[in-house]
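Chain by chain, the residues:
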Amino acid sequence: MSYLYLATGLAVLLSAIMDRKKTLVALYIAGQKFTATLPAFLTMLILVSIVLFVVPDTMISHYLGNDNKFIGIVCASSFGSLTLMPGFVAYPLCGILLKKGVSYMVLAAFTTTLMMVGILTYPVEKEYFGVKVTIIRNVVSFFIALLIALVIGIFFGEL
Amino acid sequence: MMKMQKKTIRFLAMSAYGVFLLASFLLGFSPGKQIGSNFFSFSIEMLKILPCAFVLIGLFEVWVKKEKVERHLGRESGFIAYVWVILLAGTTVGGLYVAFPVAYSLYNKGTKLSVVFTYIGAAAICRIPMTIFEASFMGLRFSFIRMMVSVPLVIISSIWLGNYLEKRNYKIMAGK
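As they're listed, the protein sequences go chains A and B.
1 is the number of the first residue of the first sequence in the working numbering; add one for each residue after it.
1001 is the number of the first residue of the second sequence in the working numbering; add one for each residue after it.
Please keep in mind that the hints were generated in silico from the structure rather than gathered at the bench.
Any given hint could turn out to be false.
Which residues of chain B face chain A? A partial, calculated answer using Cβ under 7 Å [to be verified]: (1) S1015; (2) Y1017; (3) F1020; (4) I1035; (5) N1038; (6) S1043; (7) L1047; (8) C1052; (9) L1056; (10) G1058; (11) L1059; (12) F1100; (13) E1134; (14) L1140; (15) F1144; (16) G1162.
Covered by chain B, according to a simulated footprint, are these stretches of chain A (three or more residues, beta-carbon under 8 Å) [to be verified]: (17) 31 to 37; (18) 44 to 57; (19) 63 to 69; (20) 72 to 84; (21) 88 to 94.
30 Å max Cα-Cα, derived DSS-like pairs, lysine-lysine [said to hold, decoys possible]: (22) K33/A <-> K1048/B; (23) K1065/B <-> K22/A; (24) K1171/B <-> K1066/B; (25) K33/A <-> K126/A; (26) K132/A <-> K1033/B; (27) K1065/B <-> K1048/B; (28) K1033/B <-> K1109/B; (29) K1066/B <-> K22/A.
Note that CB positions come from ideal geometry on N, CA and C, so glycine has one too.
All chains, please: the whole structure from these sequences, using the hints.
This is how it looks when you write it as structure tokens:
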């Protein structure tokens, strides 16, 4: 995380040395773009806060551990599409579930949809790419995630 | 008129949400407090990343010439364009919500659609810090197989979606 600040700071410094006026324009553009998307980000945050309350980690763990692999995958990909979790929360959770005996295939379905499919990021994605593209991209990503889960299942001998 | 109405509804909904949180904290309504703390912890997480991301986008907008982006990532570019954006995606931090504004800037500078979608997909699944994290909890074998399967699928589906939209002369229209 601190690398991000370091890199950004260096980039701004370098830019200012080369052309101060251009740098000010860049910062202005940054501010403009940020405030323009702020309502979309706010909408997303509100949705996230509510969904994380309705669908807590404990509930996800419960459903992913289902003995039936098919039901497990359906639940995993639904939860993964619906919720939003940073990697540093999601992977330790998956690590625990793995030790509990949840299959790699189900966890692959969960993490991949978590990363690629974003129902909660819809307000932000739509703001940039429009409704049509957003829906197509998410549907395609969902099927890609299922395919990945399937291949993982084959390689780990879980099918 | 429609736009005004939408904005008003959004504003009212957000205000209602704010009042609900405030009331929950004052009256000690625990579901409301839980939602409030979710909101704040996620906001802080995003506020750590977004300002830097937008400053970098701003610098990209003023310093990188359109012709240059077009040549390397535009219609005339070859397969190497996909490699470039996947490498760029690898260094992306945060989540999809950071990738969208970056992807949009790439698109406006003349990047072709299939390359833009590859960037978004790769930013979701190929972020280097995240993959290291994944491997440490799920095992190297898992991460390796996942990468090997997902990267080609992302490229193929992006080419398909990009071509499909470009054939129909589809223009990306923000918010529509």
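Each hint, compared with the structure:
no. : hint                : result
1   : S1015               : 11 Å, violated
2   : Y1017               : 5 Å, holds
3   : F1020               : 10 Å, violated
4   : I1035               : 5 Å, holds
5   : N1038               : 4 Å, holds
6   : S1043               : 6 Å, holds
7   : L1047               : 10 Å, violated
8   : C1052               : 4 Å, holds
9   : L1056               : 6 Å, holds
10  : G1058               : 3 Å, holds
11  : L1059               : 5 Å, holds
12  : F1100               : 5 Å, holds
13  : E1134               : 6 Å, holds
14  : L1140               : 13 Å, violated
15  : F1144               : 10 Å, violated
16  : G1162               : 10 Å, violated
17  : 31 to 37            : holds (count 4)
18  : 44 to 57            : holds (count 8)
19  : 63 to 69            : violated (count 0)
20  : 72 to 84            : violated (count 1)
21  : 88 to 94            : holds (count 4)
22  : K33/A <-> K1048/B   : 17 Å, holds
23  : K1065/B <-> K22/A   : 13 Å, holds
24  : K1171/B <-> K1066/B : 18 Å, holds
25  : K33/A <-> K126/A    : 15 Å, holds
26  : K132/A <-> K1033/B  : 36 Å, violated
27  : K1065/B <-> K1048/B : 29 Å, holds
28  : K1033/B <-> K1109/B : 44 Å, violated
29  : K1066/B <-> K22/A   : 16 Å, holds
Checked against the numbered hints above, the structure violates hints 1, 3, 7, 14, 15, 16, 19, 20, 26, 28; every other hint is satisfied.
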